[in-house]
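There are 2 protein chains.
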Amino acid sequence: MNSVNFIQRLRDAIGDDSVFTTPDDIAPWLTDWRGLYRGHAQAVVRPRTTEAVSRVLALCQDARVPVVPRGGNTGLCGGATPDGASNNLVLSLDRMNAIRGIDTIANTLVAEAGCILGDLQRAAAEVNRLLPLSLAAEDSCQLGGNLATNAGGVNVVRYGMARELVLGLEAVLPGGEIWHGLRTLRKDNTGYDLKQLLIGSEGTLGVITAAALRLYAPTPVRQVVIAAVASPRQALALYELLFAECGPRMQAFEFFTGECVDLVAANVEGVRSPFAGRHPAYVLVELADTADEAGLNALLERVIEQAIERDLCADAVVSSSLAQIEAMWKLREEISEAQRADGLHLKHDVSLPIEAIPDFMVSAEARIRRVCPDVRPFIFGHFGDGNLHYNLSRPAGAPNDFMAQHGEPLTAEVLDEVAQYGGSISAEHGIGQLKRDYFAKYKAPLELRLMREIKQVFDPAGIMNPGKLL
Amino acid sequence: MNSVNFIQRLRDAIGDDSVFTTPDDIAPWLTDWRGLYRGHAQAVVRPRTTEAVSRVLALCQDARVPVVPRGGNTGLCGGATPDGASNNLVLSLDRMNAIRGIDTIANTLVAEAGCILGDLQRAAAEVNRLLPLSLAAEDSCQLGGNLATNAGGVNVVRYGMARELVLGLEAVLPGGEIWHGLRTLRKDNTGYDLKQLLIGSEGTLGVITAAALRLYAPTPVRQVVIAAVASPRQALALYELLFAECGPRMQAFEFFTGECVDLVAANVEGVRSPFAGRHPAYVLVELADTADEAGLNALLERVIEQAIERDLCADAVVSSSLAQIEAMWKLREEISEAQRADGLHLKHDVSLPIEAIPDFMVSAEARIRRVCPDVRPFIFGHFGDGNLHYNLSRPAGAPNDFMAQHGEPLTAEVLDEVAQYGGSISAEHGIGQLKRDYFAKYKAPLELRLMREIKQVFDPAGIMNPGKLL
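Residue numbers (full-length UniProt numbering), protein chains in the order written: chain W, 1 to 470; chain S, 1 to 470.
Source of the hints: derived by calculation from the structure; they are not laboratory data. For every residue, glycine included, the Cβ atom is placed at its ideal position computed from N, Cα and C. Hints may be right or wrong, so weigh each one.
Stated by the list, open to error - Derived contacts from chain S toward chain W, CB cut-off under 8 Å, selection only:
1) Ser-18
2) Thr-149
3) Arg-163
4) His-180
5) Gly-200
6) Glu-240
7) Asn-387
8) Val-457
9) Ala-461
Produce the complete structure using the sequences and hints provided.
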């Protein structure tokens, strides 16, 4: 079928106003938000219903047209950017943004793939429930993308990854078949857990159109502490103490180096360290509970006292108001922005067995400094989950495109060192286009074979998001 | 290959003392613990290492010998009992019972499939950590079976099903390939989550030989309350209140009818209701926390007060000692034993959207009474997860084998009514042999097709646990 015929069929199937083909109309859909990837497409479709998605996929399979599902385009690995094939079709879910239901007895939220995560958080909060998935892009990322990439974020230490929040999925398979899997059951031991295959599959198996999510009890009682630590090893000891003492109240356990704080101070107005002196590293801990502010305060006080007595931190600052909590979080959250302002850099989203982090930080730094002695590491992340954003900026004075020219060997060192410790080369960002070669290099051949054969089961024609992940 | 040659190859591969073939030796492995199923096998193997399991499976695939993996044999659906084929091989994991490691920083436990669940709980407790998987058979069931069936139990409302506790798996695929997937990472977004396919697959895809499990902070501060309620609807309202107020402290929310309590009182010595009068139904709630006994007591007091004020329960008894907590749990836990003592009966392990439970209980009872007016329902279960054990005993005075003769139409009514409400015909027990026909009837054709094709990927020769699940 030629392209003109195919486009006409799309128009007939889902309506003229859902199919875009002019260069101006489709240009914004051909690149990722950071501008690292650029691809081609013959058209962009923005269907409004699951049935329309089904018709689009059936046509695509029939015509062997590659499909690139697209959410809020906030990914960091190019997973939602088309490759170089001129016949790609970008399938945006942005118009499927209805909340189909919120249930405060079952504690479930059923929403379509195009819903903005932040809107879903607020919808849950309005009925006094918590949707705990929370990440920097939450006001522009979409649920479908969150699930297709198994998003993580700052609350994983307590609530788990996106996949752990999903009770059921509605999805369309490449042939156009609709999978009506929107169950809200807590327990369902009837066969293989198919939804867990689609979650984290980065659009390579089918298109998620809606999901049933778990909600939690709200935790309005909050306390945040930033502790200054001498080393990652001290941060680890602090983590161990807090885990045992605070249990489920520990909602976040973040780590960042002194260099990150310097960078924020230099590049982001009005954000600075809460300490007078400079420290090698910091942890930010949020405790949260459904009730009992006095109890939470007493617990935190007792734990911090213990930590200082046992020499697990040098100093600590505790929040005492919502404004302070927000200011403390801002210090952590602005690291990415500060690094962006500083210039082009390399991002590595890796995870490690948590107890290996201190050794990894020493040995990884030795490796990268052998390649580039003056590289500037800015290391931060979700320490409680073993997840580091091991980012590298160019040496002071080097040209802005230094990492584009010299970054590859540094990435190779970092990821190889991660593999030495049994870590993961992608903790929460996924593989996309960015890490595809490393994925093929470090994944066990048996797992690669099983994944390829499972891909074949779902997508025998191979139309789903080619050039990503597998 | 004839059987004699095959057995000799097994002996050569894993040693004479791991291969059993005499009728006396293999008889105990041919039936389930309730004696509902009985099958055949040419041999039983009890390998000691993952490599030995690998050699066994390679030989089986080569000779097209069906393999029936076997754990503690505590299943309720015949999933670990061989079918009628004379050439079956029962593969028991019981000798693979080493704990490979416990880590109190990473909070992980790595254990082999043959470990008894209770032993793992105690090993975790010894290092001041909690392995939250807890169920009636915990002192005889084995980890491998728990994972192969995605076991549930009493703490699911807080910690989730078995699959949510698994960080990594080691497994052997039918060809003998060993999958070294024993990762302990909290975050790993590198491709499809293969471990979630094996978990809950009831031995149809491969053999789990070891697992890395998450541990939690211990919750030594406990309170249990039994509340008397007028109806399932009142239980639901009580659940809603407790969910919002107690958040993660709610560790169990169990339900049982007045008939269950009568049955326990009649059949189990020394266990009785904590209330003077008789009530239509009861809920048992356990709250637990890492610390702050006074806080937990105050919370429970406040919530119970609210519940009584808002007429969400008729009466409530709160535990004040470990002995009382144990006695209160005994009332709930002895229901199965009491029903067994009362005679042969039908078990239905179903789940429902939790808010549908009250309506379901009315409509399901109407349906079963149309079939058998004097049937005696004993309904209990993990209400907070929407999970009911909807068990039916014979009419008073009917012969003990009444349900063997007349049970099928009752089961058909119960499961069909569950399906009407969008529930699951198996909440936590699995499918095995028992529910295979109903599984095929109620599962969506698309899901059945995907499962069969995934089975084909893992087990192209079809040797894994034939006659179970799919």
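Evaluated hints:
A cut of 8 Å between beta carbons decides the hint on Ser-18/S: the least distance to chain W is about 25 Å, and the hint is violated. Because the smallest distance between the Cβ of Thr-149/S and any Cβ of chain W comes to about 7 Å, under 8 Å, the interface hint for this residue holds. Here the hint on Arg-163/S is kept, as its CB sits about 7 Å from the closest CB of chain W, short of 8 Å. Annotation: His-180/S was flagged as interfacial toward chain W, and the flag holds, the nearest CB pair being 7 Å apart, inside 8 Å.
Proximity of Gly-200/S to chain W holds as hinted, the smallest CB-CB distance being about 6 Å (cut-off 8 Å). Here the hint on Glu-240/S is kept, as its CB sits about 5 Å from the closest CB of chain W, short of 8 Å. Taken as an interface hint, Asn-387/S checks out: its beta carbon lies about 5 Å from the nearest beta carbon of chain W, inside 8 Å. Taken as an interface hint, Val-457/S checks out: its beta carbon lies about 4 Å from the nearest beta carbon of chain W, inside 8 Å.
For Ala-461/S, the suggested interface contact is broken, since its CB lies about 15 Å from the closest CB of chain W, more than 8 Å.
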